[in-house]
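Visitor: Read off the chains here:
2 protein chains.
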Amino acid sequence: MTGLNPLKGFRDLYPKEKGVQNFIFEKVRSVARLLGYEEYDGPIVESMDLYANKSSKELLERQTFQITSKKGNPLVLRPEMTPSLARMVANKASDLTLPIKLFNIGPRFRYEAPQKGRSREFYQADFDILGTNSIVSDAESIYTIINIFLALGAIEKDFIVYINSRVEMEKYLLDLGFKKEQLKPLLNAIDKQDKLQKEEFVELLLEIEKNKERVKSLITFLNTKTVEKSPYFLKLFSLLDTYGVSKYCQINYNITRGLDYYTGIVFEVREKTKDEGGFELKRALLGGGRYDNLVSDLNKKLNIPGIGFALSDVVLIEFLQNKKLLPTDIIKPVSCLISVFNKETLNKSIEISNFLRRKGISCELYQDENTKLDKQLKFADKKEIPFVLIIGPSEIKINKVKLKNMKTGEQKDLSKEDLLKILNIKFQVTNKF
Amino acid sequence: MTGLNPLKGFRDLYPKEKGVQNFIFEKVRSVARLLGYEEYDGPIVESMDLYANKSSKELLERQTFQITSKKGNPLVLRPEMTPSLARMVANKASDLTLPIKLFNIGPRFRYEAPQKGRSREFYQADFDILGTNSIVSDAESIYTIINIFLALGAIEKDFIVYINSRVEMEKYLLDLGFKKEQLKPLLNAIDKQDKLQKEEFVELLLEIEKNKERVKSLITFLNTKTVEKSPYFLKLFSLLDTYGVSKYCQINYNITRGLDYYTGIVFEVREKTKDEGGFELKRALLGGGRYDNLVSDLNKKLNIPGIGFALSDVVLIEFLQNKKLLPTDIIKPVSCLISVFNKETLNKSIEISNFLRRKGISCELYQDENTKLDKQLKFADKKEIPFVLIIGPSEIKINKVKLKNMKTGEQKDLSKEDLLKILNIKFQVTNKF
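Protein chains in written order, with the working numbering: chain A, 414 to 846; chain B, 414 to 846.
Same shape as in the complex, but just chain A (with noise of 0.2 Å):
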């Protein structure tokens, strides 16, 4: 017996979710052809070698999707996209005019718990310049990010870009006085911090670091946000201030983002309260930074610096509900339904719609010649069509066709050309009745 529901973690999008993530994506797309990224895509399905010392081997092995090829080679469903865009871009990198800016929109898979703000499938928008390891792209990252939430309706007070660097916090934490092989424990230890207890947490740090005294400083100094001492973030804040967008971000040095294959910059975006200084949500709302390895890693010959980032449909929808972002008009029905009055009238139905469809006005041709008119009126009813068209006998003697209007109810016959002209203005139909 097959069950009738999706296999856990998956989702079935019926129009009016399908709706919301395309309300997301279209939004996405105009910020990215504004900008000038281009659009590619690559397979869902890869070999499993792409994503290894990327992350680690148990949690390949434990998250991912896995495959078994008819030659026995491990494949995996892409769990992320950077991985793909490395080897495409390594593997075409002489036809490729760099520095390029790219975008893709698709569906990556997790085999994870299941829960709020986490699926095993969920469509991601990912957005990457390579290249150019220029500090403009990084502007121009943060940039990015910063106008796509400002296209999906966010203001100020909904969110904040939480900016870091890896290359600057290891300088930092060599000024504080640890030691190099220490660098790597603490990043990742930091990275560990929102899903630990702040004991937990010092503990942790102590296990790599037992001065209690450094540990301390070090606490004090991830919960500073000035970056005097940096002539880089002093560079990027000063970009970020010509780009008008500086209001929306600010230092974190608690950001490192777990992923090993971070070089430089990383930055997160999380949703803010209404009380500023109070409780944010624990997931970021999107990710990203710098990757100046992830090319010549695949192929030892190229230098092609990146820097991207993600965020995802599932994170974003609760956001905007949250925030009350999300349009109540998601589905646009067609302009109206063409009712069938009986048998013999079908074919003056059919004539219609395609009159009106071929002069591009988006119509339904109600689907059965045998069901009463007064089910059809129900139908538009439900489904929210603004008109109905009725074409009955008497509507044919005089050669005009009926125009219900279904919020009000009236209705006036008409010729072809004055309902073509009433559809085609049909948002100023309503105060013409």
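Watch out, some of these pointers could steer you wrong.
Any copy will do: because identical chains look the same in the list, a pair fits if it lies in one copy or spans two.
Claimed, not checked - Within a straight-line C-alpha distance of at most 30 Å, the following computed DSS-like cross-link-like pairs (lysine-lysine) qualify:
no.	residue 1	residue 2
1	K788	K648
2	K756	K638
3	K483	K737
4	K791	K685
5	K761	K745
Because the hints were derived from the structure by calculation, they are not lab data.
Assemble chain B onto chain A, guided by the hints.
Guide: Chain B alone, transformed into the frame defined by chain A:
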């Protein structure tokens, strides 16, 4: 060592190839909206059970990508969309206003040998009408198909819709003296015809029916194109006539479609060659039919008939290339590149890019402040960006920007406001210089 190529049978879509796919599906989507189809989506991973009884178990196990869930259940990457749609409709039948017209565009997977027109991952557009078995929905489906091909730029001489019906065929076969238990094997044999030599086909028929005269009469019948004996076909073609699309359609009794779940009309689109009677592509460009039991197979209490079809991007791209219907300017570049003269003028370039983008004008800011202007101009040239803005110290001094037309080489100093005017009507600009 990770390979740089995608897995066998999978595709990397660089911006040009993604542009081709977008071109196709934007046309498909516009037809869907015009005709009142609503978009939905289902999971890419489904339980293998969902496809059982729909196609042979052997085929299912051999030609699908399989994943074993952590609980040991066999899962597959969806090879087609219709079973997922039937499951979704069965699951929420009471919430849906029927009849409903639905479409989906998304990836499908088949683990078969890659060849021309076949890949292991491809995108398919599926269109379906559920909740009615009216002949109107049969005609509307054919009308939808023809609108898609016309929207893609194809005309009458490019394609033909072959129509048959499993129900009508069974009647014909009984009339020819075949027995009830021979019907299914006969329809399957006729479906395999494309892949067989004529003699092999006759042999296959003789295995089912020993009477040579009867087999001969069947072969004669298969090549007729008249519909006189069938009230269903007469009505259907009369409706297609009213829809204005009968000239694109032809009865073809050789079309029976392989999928077991079809219960009525079946159809295919084939490419027409210049020579009307000549060779036609073996592969169907599109296939579909009526499936009245797919939903009730999942829930016996439901009687929700359906009809639908699917078309794949891989096959369509080949067709459009053959017919020279793919536009040459698939990638629309940004309106202009804002170059960066040097580190000191970077802020000015950011300001101008910000100014234009806020006005909704797509533009690219060069992503490196250390690159010589010369190289930036070459970049714009390679990317076919029509204009480059130059904002150096001399332009800044007079509070202007220099607009360079990359085609003519002409350049002009402009105020921000004049620049905006020109880019707003950018297709007239070349005449104005």
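Visitor: Which numbered hints does this structure break?
Guide: Going through the list in order, the structure violates hints 3 and 4 and respects the others.
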